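Peer 1: Letter by letter, the chains look like this.
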Amino acid sequence: MKNLKMKSARAALDLSQQDLATAVGVSRQTINAIEKGDYNPTINLCRAICKTLGKTLDELFWEEE
Amino acid sequence: MEHHSISYILGMVCGFAVGLLLVFVLSRMIRKVGGKICTFKCAKEGAYDERQLQARGKAYKVGFFFLILYVTIVSVLKDMCNIPLLMSFGGMWIGICIAIFIFATICIWEDAYMSLQENAKGINMMFLLAGVVNLIAGIVDVQEGVSFLEKGAVSYRYTNLIVAVLFLALTLMFNLKLLYNKKQEENEE
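Just so you know, the sequences run in chain order G and B. Each residue of the first sequence is one higher than the one before, starting from 4 at the first, in the working numbering. Each residue of the second sequence is one higher than the one before, starting from 181 at the first, in the working numbering.
Keep in mind the hints are simulated off the structure, nothing from the lab. Remember, predicted model here, so these are calculated numbers, not experimental data.
Among the chain B residues that face chain G by a calculated CB cut under 10 Å, a handful are:
1. E230
2. R231
3. Q232
4. S295
5. E365
Even for Gly, the Cβ is constructed at its ideal location relative to N, Cα and C.
Using the sequences provided together with the hints, build the complete structure.
Peer 2: As structure tokens, this is what we get:
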């Protein structure tokens, strides 16, 4: 499932996928795969993304029923 | 394979040593012109991200099982069908090259070949250099009139040519993926 919350949070900060990738220490393709729902990140990477985007885990990664 | 003298074997060992030295010198040259490649430093933690490590693990697995299958087929061909075609240094190198090709191809398509410290320019230069150097060595062997088969098996003198084909195919694959990524990136942003 696509992670549109993360994509919009990134866009709100005017960050490109590459900017976010550099900030959290992964490749651009990894950020792209997370946003497209092709890769399920570990909790450590989720936390790093949340810190960079200024959001909580729930706000970015919790799927509502 | 015929028996070789000590000096011949020492020559081979020196050749390998010079090859390693060449890799070291070439990697420094590539870095000087703006290419970034990893030689030994990439063994350190953090060279690849978690998704890349996972993809590389899967690629290793596929390459490894291919090699097991290849060796089994070569052994069966030799011992049960009396076909020694691939039961030689050259034949084994074909298997190793195909296994590496499978590993590298999966890594390239999963965006897990290039580590976080490398750039496409460096990888392209490394592949091209390795391909061209081996191609030249291979062509020299072919021009000397070395036959492809030696006692019914692939001659080890064709190893350079096999490695050259591997690297040139990888160069093509790597650039195709770069083009695909560029298009994808344009659509995403």
